[in-house]
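> Note that the protein sequences, when read in sequence, are chains F and E.
Each residue of the first sequence is one higher than the one before, counting from 0 in numbering that gives the first Met the number 0.
Each residue of the second sequence is one higher than the one before, counting from 0 in numbering that gives the first Met the number 0.
Quick caveat, the hints were computed from the structure, so don't treat them as lab data.
For clarity, every value in this text was computed on a predicted model and none was experimentally measured.
Careful: at least some of the hints might be erroneous.
Below are the DSBU-like pairs computed for lysine-lysine, each with C-alpha atoms no more than 35 Å apart in a straight line [as the list claims (entries may be wrong)]:
1) E:Lys272 with E:Lys12
2) F:Lys356 with E:Lys174
3) E:Lys66 with F:Lys294
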Amino acid sequence: MNHINNIVALFCRITGSIIGKILTAVIVPAIAGFLLVQGYFFLRDANAPKFVMVFIAILWGVGGILSLYFITNWLINMLPSKIGSKLLPFLFVGPALVILTWYLLFPTIRSVYFSFHDDSKKVYTLLNEKHIRKGNTVIKKLPFTQDEKNSVIDILKGINFYDDYSKWIDKNEDMSAYKVEYGALPKAIPEQYFVKELIPKLTGGFQQQQMFRSIYQPTDRFILLGNYIKAFKSRDFMISLRNNLIWLILGPTLAVLFGLVIALLADRSDFEILAKALIFMPMAISFIGAGVIWKFIYAYQPSGENQIGLLNAIITAFGGQPQNWLTLSPLNSVLLVFILVWMQTGYAMVLISSAIKGVPEDLYEAARIDGAGEMRIILSVVIPYIKGTIITVGTTIMILSLKIFDIVYSMTGGNFNSDVLATLQYREMFVYKNYNMGSTYAIILLIAVIPAVIYNIRQFKDKEAF
Amino acid sequence: MIKSVSLQKRIKKLLVNGILLLICLTWTVPTIGLLVTSLRPKDDVSKSGWWKAMDKEYRTFTVENYKKVLTGRGFFNSFLNSLTVAIPATIIPILIAAFAAYGFAWINFPGRKLFFMIVVALLVVPLQIALIPILRDYLKLNLNGTFLAVWLGHTGFGLPLAIYLLFNYINTLPKSILESAFIDGATHFTCFIRLILPLSLPALASFAIFQFLWVWNDLLVSVIFLGVESKVAVLTSQLLNLIGERGSDWHLLTAGAFITMIVPLVVFFSLQKFFVKGLLAGSVKE
């Protein structure tokens, strides 16, 4: 921090004079701009030793941002104070707002827009329009036009359409005569082939469906709340909602509770730093590492075999039957929450512990003089005093639980009814390429958190500023 | 009388230490499992639980796994890549967030409340919805695969929480300090640099640890914006390679996971002293 102070002081001295001011106004941004651009190209193209690159990268990234702030402040100071004071707030919040707008706000708005649009692919709609239905039974099938057939073929070209077509023609006696006669495949796709071969290819077995989906052509019709209605009608979604609720209730509660108890105990124990370090350690483990660790706890082998999962080993040691824990819904969600609690308690503990250290000594004294016991002091002095911290920690872990993705994805992949909204969204977007439906799930997640946002805004209300 | 009080105190102390020890041990069991597994030969790992490592049958330990991981192709390089990603991706968002937190907390300007509301609401946006739009922008800007792309990505995705937490701290610094600074003729900028930043050092350090951990352990953002080529691959993506083609090389993965933990733990211990007056110490004053 001293360095920054020195730099500030130095700059102040230089700009004390008017000449200095004008000079810096022109030269400083020019030099800084030049260095930043040079640094960018150097980092993008250079082949210097790794160490040098790392060092320059860090210097460039951090120094660049800092200098941008200083230079902008300088330029604002040059302006008449009336305009300057209007611009100044945006020197502070501007860069953050710009980055947030680009990285999060625009994608969110785009998602809202997508969520009002249909994912159904051209061919599916085509089929639906060609089949006149009465209830669920198709009573009449209209013939497809050549245009419609071509649009399907366009999609199918990616999956060896011509080979397939050629083989079918060869098998068919009438058609192979045409092929021999004209030396080419018939351009007008026979209705028989189209309906019996191509359509099933698109809508048939699971694998074909996957293949088709990866070369989809969405219709993107505007359907207002159609996706939302579809979501609430789907079983997968309701299960995810239930699981998200389990995460939402258990995650923050357990993590904050353990964090609080451990912080209180550590404060009064003989090995505070060691205890904190041990509780904190899981935070340092990557999700991949954590996934492996917990597989060694929940792993399952059939009864009678050597259990390599700790939980089943304990249960069989007491004469119980081993269970395939991660397949049992809704218990599997609870078991997955434990992983989050194991990882996040360190976060809660660190913040709560520092808040406890901020409780003034005289409050303890006063309570002791009143004859309050240790438990009483904790409940009616310490906890009310650190309420703000507990709410902040609870809010962040709550949001983390709502967004939870990595743990579920790496442990069960969302199988066995352990899906949550984020895994559902990921699968719709990146596996099935249903971008609009995926966006819908993201927006539902966003709506679910509005109460927490409102709560946090309320503390902002009465605040005075300069 | 005095004796019984001191006895009571001693029992209490014993109880506190005992319970805490029990919790700590429970918490450490999974990590011990990781450590033990990383020291066992491959065949033993799949045949028996790690707690049986002390049984006569399986009592063989080896550092072969670590050797294999450390001398593996590109491991050291990916270690440097991770540092290159993590250090600026920690400092840049904190810097920007500190400026913004001060702006929201102490400067009155039109739209202040609305903007803050948006920041808090953005906390919950899952970053998966942003990946594809940002990737498209990066392709246009020719930024894809550069470290700058990942830094900016981590900054964008980390900013809401950084602003939220730092705001909660800076917001509760006593108003009187700022008032006296303004009377002495300080501008918002000098006030922030000389007064608020040093005062917020504990909060900045605490948040720095968390941001560093998230960035260091991130896989998704760096794989998508930086790629998996060995020239730029980070440690976590290297770790993923260790699982092996059939997903069975757990002995290597556990060793790799342990090595990746070292840097975050070093960071934690070196910044530990700031926790005494940590991230939210200021926010508790009513």
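> Looking at the structure, which of the earlier hints fail to hold?
none
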